[in-house]
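Novice: Here is how the chains run, residue by residue.
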Amino acid sequence: MEPHPIRLVVEDDLRRSRLTVFLRIILAIPHLIWIGLWSIAMVVVAVVNWFAVVFTGRLPAGLHRFAAAYVRYTTHLNAYLYLAANPYPGFLGAAGSYPIDAVIEEPGRQSRWKAGFRIFLALPALLLMSTLVGFGAGGGGGGGGGGGRTADTDVGSEAAWTAGGTLSAVVVAAILGWFVCVARGSMPLGFRDLAAYGLRYAAQTFGYLLLLTDRYPNADPGEPPATQPTPAKPVRIRVEDDLRRSRLTVFFRLLLAIPHVVWLILWGILVVLALIVGWFATLATGRLPDAFHRFFSAYLRYETHVFAFLLLVANPFPGFVGAAGSYPVDVEIAPPEAQNRWKTLFRIFLAIPAALLNSALGGALYVAAFLGWFVSLALGRMPEGLRNLGAYVLRYSAQLYAYLYLLTDSYPYSGPVAYVEREVELEPVPTWPDAPPEPSF
Amino acid sequence: MLAVGLAAGWSLGAWALWQTEVPDGLEPPAVADSEILSPALLDEVRSYETFLRALFLVSLVVVLVALALYARFGGRFVRESAAGRIGTGMLLGMLGLAFLWLVEIPSGLAALWWERRHEVSGLDYGTWLAENWLALGGEFLFVCLALLVVMGLAGPLGDWWWIPGGAVFVALALLFTFVSPYLLPAQVDAPPDVVAETRSLAEEQDVGEIDVRVADVDSYESPNAAAAGLGPTRRIVVWDTLLESFGEDEVRVVLAHEVGHHSREHLWKSVAWYALFAFPGAFLIAWTTRRRGGMREPTAVPLALLVLVVLQTVALPAQNAITRNLEAEADWVALETTEDPDAARELFAGFSEQGLIDPSPPTWAYALMETHPTIAERIGMAEAWELRASP
Numbered sequence: 056m057e058p059h060p061i062r063l064v065v066e067d068d069l070r071r072s073r074l075t076v077f078l079r080i081i082l083a084i085p086h087l088i089w090i091g092l093w094s095i096a097m098v099v100v101a102v103v104n105w106f107a108v109v110f111t112g113r114l115p116a117g118l119h120r121f122a123a124a125y126v127r128y129t130t131h132l133n134a135y136l137y138l139a140a141n142p143y144p145g146f147l148g149a150a151g152s153y154p155i156d157a158v159i160e161e162p163g164r165q166s167r168w169k170a171g172f173r174i175f176l177a178l179p180a181l182l183l184m185s186t187l188v189g190f191g192a193g194g195g196g197g198g199g200g201g202g203g204r205t206a207d208t209d210v211g212s213e214a215a216w217t218a219g220g221t222l223s224a225v226v227v228a229a230i231l232g233w234f235v236c237v238a239r240g241s242m243p244l245g246f247r248d249l250a251a252y253g254l255r256y257a258a259q260t261f262g263y264l265l266l267l268t269d270r271y272p273n274a275d276p277g278e279p280p281a282t283q284p285t286p287a288k289p290v291r292i293r294v295e296d297d298l299r300r301s302r303l304t305v306f307f308r309l310l311l312a313i314p315h316v317v318w319l320i321l322w323g324i325l326v327v328l329a330l331i332v333g334w335f336a337t338l339a340t341g342r343l344p345d346a347f348h349r350f351f352s353a354y355l356r357y358e359t360h361v362f363a364f365l366l367l368v369a370n371p372f373p374g375f376v377g378a379a380g381s382y383p384v385d386v387e388i389a390p391p392e393a394q395n396r397w398k399t400l401f402r403i404f405l406a407i408p409a410a411l412l413n414s415a416l417g418g419a420l421y422v423a424a425f426l427g428w429f430v431s432l433a434l435g436r437m438p439e440g441l442r443n444l445g446a447y448v449l450r451y452s453a454q455l456y457a458y459l460y461l462l463t464d465s466y467p468y469s470g471p472v473a474y475v476e477r478e479v480e481l482e483p484v485p486t487w488p489d490a491p492p493e494p495s496f
Numbered sequence: 002m003l004a005v006g007l008a009a010g011w012s013l014g015a016w017a018l019w020q021t022e023v024p025d026g027l028e029p030p031a032v033a034d035s036e037i038l039s040p041a042l043l044d045e046v047r048s049y050e051t052f053l054r055a056l057f058l059v060s061l062v063v064v065l066v067a068l069a070l071y072a073r074f075g076g077r078f079v080r081e082s083a084a085g086r087i088g089t090g091m092l093l094g095m096l097g098l099a100f101l102w103l104v105e106i107p108s109g110l111a112a113l114w115w116e117r118r119h120e121v122s123g124l125d126y127g128t129w130l131a132e133n134w135l136a137l138g139g140e141f142l143f144v145c146l147a148l149l150v151v152m153g154l155a156g157p158l159g160d161w162w163w164i165p166g167g168a169v170f171v172a173l174a175l176l177f178t179f180v181s182p183y184l185l186p187a188q189v190d191a192p193p194d195v196v197a198e199t200r201s202l203a204e205e206q207d208v209g210e211i212d213v214r215v216a217d218v219d220s221y222e223s224p225n226a227a228a229a230g231l232g233p234t235r236r237i238v239v240w241d242t243l244l245e246s247f248g249e250d251e252v253r254v255v256l257a258h259e260v261g262h263h264s265r266e267h268l269w270k271s272v273a274w275y276a277l278f279a280f281p282g283a284f285l286i287a288w289t290t291r292r293r294g295g296m297r298e299p300t301a302v303p304l305a306l307l308v309l310v311v312l313q314t315v316a317l318p319a320q321n322a323i324t325r326n327l328e329a330e331a332d333w334v335a336l337e338t339t340e341d342p343d344a345a346r347e348l349f350a351g352f353s354e355q356g357l358i359d360p361s362p363p364t365w366a367y368a369l370m371e372t373h374p375t376i377a378e379r380i381g382m383a384e385a386w387e388l389r390a391s392p
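As they're listed, the protein sequences go chains A and B. For reference, each letter of the first sequence is one residue, going 56 to 496 in the numbering used here. For reference, each letter of the second sequence is one residue, going 2 to 392 in the numbering used here.
One chain only, chain A, in its complex shape (with noise of 0.2 angstroms):
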């Protein structure tokens, strides 16, 4: 497939100036005046584009310099914001001016039927980022690039709250990594790359919806492909879905997924008995018991199997006993090994931020689902996008789920992969050399 003809640039090494970070906000100021006004100029310009578009198929040249330096700009100030670049960003997004940058191709023929129908056509899209990163100005971008390692992904937008009220996944990941800056003077990795993710996908979001181009934004957290290495970690997520829906189970999918609901939550209550014992166990021994590991680990890929099920990262309806290997969307686990003592014993509350992001993501996957819904219904396909969205989501559920449930003390890991190929090596992949660890809070 063609790469997106809007992508992210990632040059940011990660490190940040505690200083700035911690008055980000008000330093930022400046910009979020400049970015309202630029706002209501781009908006006249974007019904001009819309004739333009319509009538000539093209977007001339100035109005797509114009379009493009906003759609920047915001790509520049949202990283700013979200803490997934440092330095202070210029006032014109001029190209190549900031470590996390859009790069838009030069304008090409467009559809004028999608153009006509372009507001419409974006809704979706902007559910699905406003869920993201939040509804307010701009573009950001997003993607892969690892410390100080440039990586080639999408553009996108920003603000704060979903449309659902709640707190977008970037936001809740720039509100954690302010803590980390602080304190350490680096954002983490995973945390820069979710936010970079998002920032991609809301600069193609509105770069399609400001007619930029006629293609649709990718919400795939995998693409492009990132580059850098992902973190080793003990609880993993195998994909070998095949995008094919039944569209009758599709279209009954909540109502089928009750009988599973109910035995997750009488499965779960045991669960919750058991855990307290394997808490002590672990606190006492460093290392939980074999039958508890095998215990919770068939609860947690049973509660995996049935979420992917219920919102569609797979198809078929999965069985009851979360046997290893039986679903197309599997967890895969490492075998139990030694556990720090102090993690376990403030386990519950150490996964308090994690928990917090899971929250903020889960949004992402409830609306993923309910598009996909409507897409499998008609197509009997779900959007690869869509399912790899579900498919990272899933694996950060997963992994925040196995620190709760005491399967490993290793923190999950927030930043999106192209989960599949690179994450079935069980062997420990060295850390990315410049990036700081992953924080255990």
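Hint data in this document are derived by calculation from the structure and do not stem from the laboratory. Hints are all accurate, no fakes.
Sample of chain A residues at the chain B side, in silico, Cβ under 8 angstroms: (1) 310; (2) 313; (3) 372.
Built from N, CA and C at the ideal position, the CB exists for glycine as well.
We have chain A; now place chain B onto it with these hints.
Specialist: The following block gives chain B in isolation, referenced to the frame of chain A:
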């Protein structure tokens, strides 16, 4: 020999359960429809019921055809499952019900349109769809539980699953009857006079204390009441629309009727009747699904659904006759307790008028659709009681 013995035992059980307190040889006088409803109303009632009956027949045919198709092709959905044999069986069971739900939507909507047109229902189409959708979720849970029992037993027992399976289903029916008072619509405390009246009627029928509650239902729901529960959960639930639509005497007849269900152990009897049908039904399902590997195999589930619905359809006249028999006894007990045939007449005529119920439906509709005696029969019974009571 065993079969003959079983048939004899079944017949004996059925005979024992059929016995009621309605006097043998009671010959209620024929009540003309014109004595119950005005000619204009009678025309409307007949027109209204004719459409619904036609819809019932069409829906029945559609359901049977749909299930036959599902029995033929439903096994293909096995590929949509990553579960084991029981989980896959559950999926096929749920998809079968989902398929039925889809094919029944047109007739359901047509019935609702007709009821709204005759002001028998005020339900809007969206709410109807949403309620049906949620009800389908409940059916899914039920079919999963049933298949868990059947396929779980069919694993080790093969085609003999029906013997313990029948017993488990009877136990579940008992459990369901026991908890049923808590599954009825939202209930509030009954007014003191209704509570006092129920207590008095329960004493007269020598049945001990029975709880009475009022169901807070939508204003368009027809007046109704129900007896539910067993032993400590026994309860009478009266729809608030009944209290609003009828006078004290008529409500007293209804309460006496419902207390009668409890005093004559009708809920226990219903479970016993269920047991009489459950075992042969389970046997027939086990027998007919043998060619598909029996109920151990998920691919047998679509066929089992078809067989179940066919059996239910075939047994429908008998089941309706059984419930009519119990309802007639409750009517008789109510007359004996209240000694107020005039109130009973007013009540039944009111039911007919408000719910547009045909006082004398055609025989086939009576057999297939009527779970209660006809309005004419009920009024006739009130008159027969009056005749017997008069010196």
